[in-house]
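Residues per chain are reported as follows:
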Amino acid sequence: MDPLLALEQTLNGIQFGVFLFLVSAGLTLVFGIMNFVNLAHGSLYMVGAYYGATVYQITGSFLLAVVIVIPACLLTGIVLELITIRPLYPRDHLDQVLATFGLILFFNEAVRMLWGPAALFMPQPEGLTGHVEIISGAPYPVYRLVIIGVGLLIALFLYLLITKTRIGMLIRAGASNRPMVGALGVNITNLFTKVFGLGAVLAGIAGLMAGPVLTVQSGMGEEMLILAFVVIVIGGVGSIRGAFVASLLVGIVDTLGRTSIPALLNVVVSHNAAQTAGPALASMLIYILMAAVLFFRPSGLFAARTG
Amino acid sequence: MKTRLAIVLGVAACVAAAPASAQDNKLRLGLISTLSGPQAILGKHMKDAWDLAIEMLGGKVGGLETEVFVGDDQAKPDVGVQLAERMVKRDHVQFVDGIIFSNVLLAVAPVVTDANVFLITTNAGASPIAGKQCNKDIFSTSWNNDQTPEAMGKLMQDEGVKNVYEIAPNYQAGKDMITGFERYYKGGIRGQTLFKLTQQDFQAELSQIRSAGPDAVFGFLPGAWGISFFKQFQAAGMNKIKAYSVFSVDEATLSAIGDAAVGSYTTGFWSHDLDFPQNKKFVEAFRKKYGYDPANYAAQTFDAPFLIDSAIRAVKGNLADRDGIRKAMEKANFPSVRGPFKYNTNHVPIQNFYKLEVVKDASGKIMLKNRGIVFKDHKDAYYKECKLAS
Numbered sequence: 001m002d003p004l005l006a007l008e009q010t011l012n013g014i015q016f017g018v019f020l021f022l023v024s025a026g027l028t029l030v031f032g033i034m035n036f037v038n039l040a041h042g043s044l045y046m047v048g049a050y051y052g053a054t055v056y057q058i059t060g061s062f063l064l065a066v067v068i069v070i071p072a073c074l075l076t077g078i079v080l081e082l083i084t085i086r087p088l089y090p091r092d093h094l095d096q097v098l099a100t101f102g103l104i105l106f107f108n109e110a111v112r113m114l115w116g117p118a119a120l121f122m123p124q125p126e127g128l129t130g131h132v133e134i135i136s137g138a139p140y141p142v143y144r145l146v147i148i149g150v151g152l153l154i155a156l157f158l159y160l161l162i163t164k165t166r167i168g169m170l171i172r173a174g175a176s177n178r179p180m181v182g183a184l185g186v187n188i189t190n191l192f193t194k195v196f197g198l199g200a201v202l203a204g205i206a207g208l209m210a211g212p213v214l215t216v217q218s219g220m221g222e223e224m225l226i227l228a229f230v231v232i233v234i235g236g237v238g239s240i241r242g243a244f245v246a247s248l249l250v251g252i253v254d255t256l257g258r259t260s261i262p263a264l265l266n267v268v269v270s271h272n273a274a275q276t277a278g279p280a281l282a283s284m285l286i287y288i289l290m291a292a293v294l295f296f297r298p299s300g301l302f303a304a305r306t307g
Numbered sequence: 001m002k003t004r005l006a007i008v009l010g011v012a013a014c015v016a017a018a019p020a021s022a023q024d025n026k027l028r029l030g031l032i033s034t035l036s037g038p039q040a041i042l043g044k045h046m047k048d049a050w051d052l053a054i055e056m057l058g059g060k061v062g063g064l065e066t067e068v069f070v071g072d073d074q075a076k077p078d079v080g081v082q083l084a085e086r087m088v089k090r091d092h093v094q095f096v097d098g099i100i101f102s103n104v105l106l107a108v109a110p111v112v113t114d115a116n117v118f119l120i121t122t123n124a125g126a127s128p129i130a131g132k133q134c135n136k137d138i139f140s141t142s143w144n145n146d147q148t149p150e151a152m153g154k155l156m157q158d159e160g161v162k163n164v165y166e167i168a169p170n171y172q173a174g175k176d177m178i179t180g181f182e183r184y185y186k187g188g189i190r191g192q193t194l195f196k197l198t199q200q201d202f203q204a205e206l207s208q209i210r211s212a213g214p215d216a217v218f219g220f221l222p223g224a225w226g227i228s229f230f231k232q233f234q235a236a237g238m239n240k241i242k243a244y245s246v247f248s249v250d251e252a253t254l255s256a257i258g259d260a261a262v263g264s265y266t267t268g269f270w271s272h273d274l275d276f277p278q279n280k281k282f283v284e285a286f287r288k289k290y291g292y293d294p295a296n297y298a299a300q301t302f303d304a305p306f307l308i309d310s311a312i313r314a315v316k317g318n319l320a321d322r323d324g325i326r327k328a329m330e331k332a333n334f335p336s337v338r339g340p341f342k343y344n345t346n347h348v349p350i351q352n353f354y355k356l357e358v359v360k361d362a363s364g365k366i367m368l369k370n371r372g373i374v375f376k377d378h379k380d381a382y383y384k385e386c387k388l389a390s
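Just so you know, the protein sequences line up as chains L and E, in that order.
Under the numbering used here, the first residue of the first sequence carries the number 1, and numbering increases by one thereafter.
Under the numbering used here, the first residue of the second sequence carries the number 1, and numbering increases by one thereafter.
It should be emphasised that the hints constitute simulated quantities derived from the structure, not laboratory data.
There's no promise every hint is true.
[To be verified] Quick list of the computed label-pair ranges, beta carbon to beta carbon:
(1) E:Arg183 with L:Thr59: 45 to 53 Å
(2) E:Gly188 with L:Glu109: 31 to 39 Å
(3) L:Pro90 with E:Arg86: 52 to 60 Å
(4) E:Lys289 with L:Leu63: 33 to 41 Å
(5) E:Lys240 with L:Ala263: 17 to 25 Å
(6) L:Pro90 with E:Thr179: 54 to 62 Å
From the three backbone atoms N, C-alpha and C, an ideal C-beta is built for every residue, glycine too.
Same shape as in the complex, but just chain L (with noise of 0.2 Å):
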């Protein structure tokens, strides 16, 4: 492959690997800290899909839906862990698996009913409908660099959020050690609430941007989820350090195993046994380098849990 080219699908990979990033942080955060498998984070970023294209349906402002998809995420974040989530913390993780997904169906058939079954087309916002020449005779579309200046904002301001507050500081205890966070006197209940806020929310906001660049559909979180996880367990689960390098990595190893396997093949074995292997392997290769990272680091490349 030429190198622009590579350079070019590897900026498309940092962009996938953004959108993962948003949604597995919350997913390992709660899975990390509360020790709970909650199937329904990729029905909160649908959720956020839907809240942002209605928005910017109804008054044309994608600034107005990021105004008011956050705390609507929020809300709808807390809610859900007030009223469901909660019991189900002192029960096995088969229990709450079994919890969740009742909860996927329950979302997707609820937007189908608010919604309509039909997909939900989201223009480009306005103003960042262009394109810029980032690389020479590539032009590249500036909301996608929009999408990856998002994820990276947010990476910071999670990485300050867990290393610089007082609130990193009981996640990353959390983490690491909850019975002996819980011994120390620290309202864990409350805790957990504002983690499973903060882990909506940023589900929320990958499905608001991914608005515009994919079709807004009820299911569309369950696809996004198992990547998700594909994340968090290269990742390490619990380490948002973790979650960062294992999204841009699968996004980047997914992107460029698409677009090149299928012509690499084509070197090696015939035309027609190349287009029918080529995208075959293609979408194997991540769960490839899952099953790799696991045998040589059973535990992720960062683990945070140690006790």
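Take the given structure of chain L and dock chain E to it, following the hints.
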């Protein structure tokens, strides 16, 4: 206790499943379409046209009392099979119709034909169904997948396009489209992408296309794919590459794609401005009833109830006379939106294909304009493989 309960339930289930009224000579029609998810826009055209046709037949197809059963296949073959089984076993339909996706059609076909029920595909045109796996009870009111891209291949060949990049989803229809295209296009192929069915974002593929530097793109990107692709194509500043496509820019997608599609070409067996009485009636009634423009998915489906109507009238409403119904359908003796046509031996229409351009009219509305015939009375490439003793 448990065993006894099970027996009671079992008996109850048998009673409930017994044919309630299979002998009452009432026409039961099943419609399988994709009514949820990103491709629901295609299913909506199909369903709306179906309802309209039955309404225009006075709710009595073939003069018989008609009951319709509708199912949403979610673009999944397994769901399609469940629906087909329910329709043939529980609802006792005499016809299963519709079906957007070729992979769904391939899965559904044996379920329907094994139950001695007619299957009328009003969209999906999987090539095996036109060839080796053809069946005496399967009819098409659309086309074989290869036909439309064959017209596009000929068009691009005639216009002297030097080389292309091909893009299509990785499933039966995607492969058929590329096969059909390459049957008539003999220029250079700069590259090819088969993307997975769940894909929605084409940024990486667009980078790949630009790097390959073709003169033109040939795409098969129906429904939601077309909307994403053409919008992103424009956002990536790739307007120098000409975009030719099949089933991608049409009345189902143009309003969402907007200006990004203007000036691109497609081919098809039908356009809203074809000068046939049935077509005029259809387009006018459709616009009036639903307030939007019908796409080819609607046009094809609109024909199906009229085909069934003609066949049932030919046997004077005797639904038990399946041979008679089949023979009557083979004559295609009904007013079609595409004008008069004949069925080939594999029950695929022999029909014209036209060159269509995306234009913006004086009022700013983006629409397809018919630019003349590419193929006249075009036969599909598979009918010789079909061994039907008819």
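Outcome of the hint check:
1. Remark: the range hint 45 to 53 Å for Arg183 of chain E to Thr59 of chain L is upheld by a beta-carbon distance near 50 Å.
2. In this structure, Gly188 of chain E and Glu109 of chain L break the distance hint of 31 to 39 Å, their C-beta atoms being roughly 49 Å apart.
3. With their beta carbons about 42 Å apart, Pro90 of chain L and Arg86 of chain E fall outside the hinted range of 52 to 60 Å.
4. Distance hint check: the CB atoms of Lys289 of chain E and Leu63 of chain L are about 39 Å apart, consistent with the given range 33 to 41 Å.
5. Checked against the hint of 17 to 25 Å, the C-beta distance between Lys240 of chain E and Ala263 of chain L comes to roughly 22 Å, which is consistent with it.
6. As the Cβ distance of Pro90 of chain L to Thr179 of chain E is approximately 59 Å, the hint placing it in 54 to 62 Å holds.
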